[in-house]
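Protein chains in written order, with our numbering: chain A, 4 to 482; chain B, 1329 to 1422; chain C, 3 to 480.
Honestly, the hints are just simulated from the structure, not real lab data. Owing to the predicted nature of the structure, the values given are computational and were not obtained by experimental measurement. You can take every hint at face value.
In silico DSSO-like links for lysine-lysine, alpha-carbon gap of 27 Å or less: (1) Lys382/A - Lys1367/B; (2) Lys376/A - Lys1370/B; (3) Lys78/C - Lys1395/B.
Taking beta-carbon pairs under 10 Å as the criterion, some of the chain B residues facing chain A (in silico): (4) Gln1334; (5) His1337; (6) Ile1361; (7) Leu1362; (8) Lys1370; (9) Leu1385; (10) Val1420; (11) Ile1421.
A virtual CB, placed ideally from N, CA and C, is assigned to each residue, including glycine.
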Amino acid sequence: MNFNELTAHEILDLLKSKKVTATEIYSSVSRAIEKRDPKIKGYVRTKTAFDESEYSGTTLQGIPISIKDNICIKDTPVTCSSHILEGFKPPYDATVIQRLRQAGASIIGQTNMDEFAFGSSTENSYYGPTKNPWDLSCVPGGSSGGSAAVVGGNEAIWSLGSDTGGSIRQPASFCGVVGMKPTYGLVSRFGLIAFASSLDQIGPITKDVRDNALLLSIIAGHDENDSTSANISIPDYTQAFTKDIEGLKIAVPKEYFIKGMEKDVESAIREARETLKKLGATFKEVSLPHTEYAVATYYIVATAEASSNLARFDGVEYGLRAFPEKSRRTPLIDMYEETRDKGFGNEAKRRMMLGTYSLSAGYYDAYYLRGQKVRTLIKNDFDKVFNEFDAVISPTAPTTAFKIGEKASDPLSMYLSDIYTISANLAGIPALSLPCGFSKNNLPVGLQIMSKPFNEEMIYRIAYRYEQSTDWHKRKVSL
Amino acid sequence: MLTNDQVRHIAHLSRINLTDEEVARLTKDLENILHYIAKLEKLDVTHVEPTSHVLPLRNVYREDIVKPSLSQSNVMKLAKTTHNGSFKVPQVIE
Amino acid sequence: MKTFETVIGLEVHLQLKTKTKIFCGCANTFGNEPNTQTCPVCLGLPGSLPVLNKMALYNTIKAAMALNCQVNPLIKFDRKNYYYPDLPKGYQISQNSLPIASDGHIFIGNQKNPNRIGIKRTHLEEDAGKLIHDPQTNCTLVDYNRTGTPLIEIVSDPGLHSPEEAHDYLTTLKLILQYLDISDCDMEKGSLRCDANVSLREKGQTPLGTKVEIKNLNSFKAVKSALEFEQERQQAMLESGERITQETRLWNDEKGITSSMRSKEEAHDYRYFPEPDLVPFVVEQTMIEEIRGSLPELPHQKLGRFRKDYALSDYDAQILIQDKSVANFFEECTKIYPHTKKICNWIIGPLLQELNTRKVEIKNLSLTPKNLTLLIASVEKGVISNLAAKDIFPAMIDTGQSADEIISKKGLAQISDESALIKIIDDVLKENPSVVEQIKQGKESAMGFLVGQSMKKSQGKANPKILGDIIKRRLANG
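Sequences are here, hints too, so could you generate the full structure?
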């Protein structure tokens, strides 16, 4: 049996009934990585050593997980797929890693990403692009492209990604897997190397909805090390599966069905809507009137925060340090400027410059402050809708996975591919993507389900019912 | 209109050295993006409060209780250039 | 010739002595091996997040209240972005738009002519690390032990008009802050730092002149000297028609001058924006009341009370309140012994002198209020002379023993026994017949000489008053 193709919950059943050992599971995934990753290039680092005895008595019993390369793992290289963090080994575990360890997960590898999470295609990685397991000439999406690709390509059981503007959901959609961006504050950010502090969240990327709920239950919850961590009790999200969706009211925002949306995406979403209708949900068209401003708002607010968060990468304490051949200013400033020039890729430079500009003297009011105000308007749009509706659905992305290199020379066009996912980050609401079809080219289409803050249960409830009445999650790549 | 000089200034504020070619390219890129972002000016935000924190959390703090620090050796492991327990950088000219 | 008015504003930074740093649990202590009090948070490691130390917030609100500031009902933190090796995150978490408090004041000068100096704002922020120049390698060494130490920043209005006033402001401010017991307030150790802003304008004009910032001031004296120098420098420039450059200048204590900073300092664009990793703070009424209730008696309040309750002069009271512990010691003494003036004199005189010589704080002296008051009582009762008391005082401090214990050891009990005194006096009278003759002739002042000689013979142990009486009687008897 190809254990690498199973879900975590299936493996847990096998482990419980002693039909398989933890070592066999780990080896199966290791072999899959060996065979498939040279093609997919989803991993930046892997670990082959595994000692089953370390995990006896734990909940997960050593089931391996793959971690996006921007989550700190103690004494392990963590680089955010950037040259500037070369050699950096954090002396501490992120809180989510601590919780995974407590639950008995083993870490089998770290996955590729757009450098510092700047991107929607994983083409901005210092290590080179990751390929979409469904079509190796296509991108897996980004920035958690590696995490989504390894799960979609069955060279992982499940993974963690991070989402600032869609970086879990969009690659999940492109790779045919389930990705959840939790409510802002549900999962601790302590140990997540920050992109935009008021938008970032860590979330699970899995093969099905049950695994997703299971993983979220493990990592979610208040953390005293994170001042923005919500102080609420975490329910057992799998309980949501017991409830049907009869009578639930789902909103469909008219602004999300734009011209330029791929035909296959449009038809897959329409079909998904019909399926949900058959399951008892009712639909109504609503307006989220500030949708068209979301991308612009995001690219001010997120880049501003990023420009500040990335100021610490300066060659002083850790990571890359470089000097120019000929001195330009003072030795210290030379070191800063050369380190950051050599260490950062183009997209990183672009975003940092944009962020610095929008915060700089004379421009703060016109850009950053205005952006924060429009953010309020976007959030208010959602608050209004959720007063009446249980959830909002939309396509996760306007297209299926595009070709590697297709959007690389047009940053703005790349930014616009986040158009459906960005608003959820700005509003801080939970949002999930799950497969709802395939294009003519056999590329996955993702359906996005959003709900009000801390209402992950509702999302899982709808997602699970939908998933169980379809077969999309059972399709496997052929590699 | 974003000028090359403005871009050079922003690059210095960001402590990133740019070649002339990079300056030209970034000026164009940033101009395009700023042009797109300008659509926000259409909105009337006069009576709108900015959102700095999307969660209504307030008053998060911790008690004044000492926790263990990292050892000096573990801290020094972070850098390649250290000296007697300190990080070493080029001379800071006052 | 134009007359100029000096306008000075002072920025004081105060390190709080909370047990832990402002955003992490590292110990907040001083003088340890480099980089031994750090963690991912204060090192600014990627992925680290700040969590506010409640005590730091409380102490800042306390300070703000003591300075009569309005505490803002909503407080938030901002990022101040700039690059420097002592700033690991590339930004300092500080406060910009919604600081903890604003619009306060303190009074300097004296009670007859109080001078109200406005305080623009009081806010809380984190300290940076320490940079040390290493001459061997010609590099700079960075120690992050100090990053994350909680700092209170107190910014005065530009309402000081002379270097003396500035000095007065600093000493008054320092005393208030010392009373709160939230900081060591020690400029030498760096727990209190001061930058000055000074400009000149023509007398009668309202708009402020060009402001010059002065840094590297390491003592209150330096602040005064630097301001005096700068005042002169600017005056000379303005009189000769030159324009003042807005800049930062460093005070050179050795040379006694300010000089422009060597590197051309561009004006910082700090790009302040709200700190997303910290949520805002709502200052509830209960917290305000709790903190107000915990405010100790402030210097000016103690001064007023001492003058009233103990009938002390302004001069005496001022000296006593300069150190809260000394003032407390004084009060403890008055509870045991009612002669407040005598206690006051002993404290202002010998006690403060001992503290000065020994360079210690009163809490480190093995002298108890009980022992001091017993000593004073002994002098009053005539057991020992005042001179002898001053003599054994250092020994009391050295040993922590009472006066009695030391007296019995040294045998200093004043010789009041008449017979012994009579013998001494008779000897003195015999040895000094001419002086005796002078007194018999009516020269009363010569008595002093005889008393002195008798005191000498008694090795200072005799009670001078009793000596005088006995001498008179012996002389009268012929």
